[in-house]
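Trainee: Sequence:
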Amino acid sequence: MMEIKKISIHDLKAVVKVHKDSFKDFFLTKLGDDFLLLYYDCIRKDTNAILLGIYDENKLCGFCAATTLSRGYNKMLIKQNLISFVLIGLKLIITKPKALIHLFKNLNKSNPNITDNGEYAELLSIGVSDTKQGQGLGKKLMIKLESELISKGCENLSLTTDYFNNESAVEFYKISGFTIFYDFIAYPNRKMYRMIKKLNLI
Numbered sequence: 001m002m003e004i005k006k007i008s009i010h011d012l013k014a015v016v017k018v019h020k021d022s023f024k025d026f027f028l029t030k031l032g033d034d035f036l037l038l039y040y041d042c043i044r045k046d047t048n049a050i051l052l053g054i055y056d057e058n059k060l061c062g063f064c065a066a067t068t069l070s071r072g073y074n075k076m077l078i079k080q081n082l083i084s085f086v087l088i089g090l091k092l093i094i095t096k097p098k099a100l101i102h103l104f105k106n107l108n109k110s111n112p113n114i115t116d117n118g119e120y121a122e123l124l125s126i127g128v129s130d131t132k133q134g135q136g137l138g139k140k141l142m143i144k145l146e147s148e149l150i151s152k153g154c155e156n157l158s159l160t161t162d163y164f165n166n167e168s169a170v171e172f173y174k175i176s177g178f179t180i181f182y183d184f185i186a187y188p189n190r191k192m193y194r195m196i197k198k199l200n201l202i
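For the sequence shown, position 112 (counting from the first letter as 1) is numbered 112 according to our numbering, and the numbering increases by one without interruption.
If you're looking for bench data, these hints aren't it; they were derived computationally from the structure.
Be careful, since some hints might not be right.
In silico DSSO-like cross-links for lysine-lysine, where the CA-CA straight-line distance does not exceed 30 Å [stated by the list, open to error]:
1. Lys20 - Lys30
2. Lys139 - Lys17
3. Lys59 - Lys174
Pair by pair, the computed Cβ-Cβ distance ranges are [unchecked claim]:
4. Glu3 - Gly72: 15 to 23 Å
5. Ile9 - Asn113: 38 to 46 Å
6. Gly136 - Gly72: 21 to 29 Å
7. Lys105 - Asn165: 35 to 43 Å
8. Lys105 - Ser84: 17 to 25 Å
9. Lys45 - Asn165: 29 to 37 Å
10. Asp33 - Lys198: 32 to 40 Å
11. Leu87 - Tyr187: 22 to 30 Å
Just so it is clear, CB atoms sit at the ideal spot from N, CA and C, and this is done for glycine as well.
Work the whole structure out from these sequences, hints included.
Mentor: Here is the structure:
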């Protein structure tokens, strides 16, 4: 029986595995397991964030991560955990300098020609294990996440996703109630959508 609950520290390695299954060619994945463990652990501990997992007989099959306020979130997360991120960064300077540059160039995800104050919750990541694709787990995670965000007083939920060669994900988000807010160019030259959804407050 499937169960959705908050992710504990003991399941972070499983989160990293699902992330790598879901985002094989993404730059966060290229930063390595140690970075991903730190990133998701910081989200797990942050009172302004939500990290949920969907489990089948206590085995993690998928997860989603979100923050209640998008504006400046990743910069804030780094500042709050500065020593840990600096230590990871020193290692990456030697092993993966281009990936580290990519990370810092993409801390801001917006179009300078569009007015966007970031006053919305943001879906940071959602992924489902390769063996559980096509079973509606992503939809179940989104429904639970939206319920959690509504309980925290959030009125809108946003996300970013690729513009090109990403039809299935864009269609999933549209079916889930998201509309395109604007597009923008992420470093180095990656066209992205920012999508947004009005949450149905109770």
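Trainee: Each hint: holds or not?
Mentor: Results for each hint:
1. Lys20 - Lys30: Roughly 9 Å separates the two Cα atoms, so the pair holds.
2. Lys139 - Lys17: 20 Å, holds
3. Lys59 - Lys174: Roughly 29 Å between the alpha carbons, so the hint for Lys59 and Lys174 holds.
4. Glu3 - Gly72: 15 to 23 Å: 33 Å, violated
5. Ile9 - Asn113: 38 to 46 Å: Roughly 42 Å apart at Cβ, these two residues keep to the hinted range, so it holds.
6. Gly136 - Gly72: 21 to 29 Å: Once the Cβ atoms are compared, 34 Å apart, the range 21 to 29 Å for Gly72 and Gly136 is violated.
7. Lys105 - Asn165: 35 to 43 Å: 21 Å, violated
8. Lys105 - Ser84: 17 to 25 Å: With Cβ atoms ~21 Å apart, the hint holds.
9. Lys45 - Asn165: 29 to 37 Å: 35 Å, holds
10. Asp33 - Lys198: 32 to 40 Å: Given range 32 to 40 Å: holds, Cβ gap about 37 Å.
11. Leu87 - Tyr187: 22 to 30 Å: Holds - the Cβ-Cβ distance for Leu87 and Tyr187, about 24 Å, lies within 22 to 30 Å.
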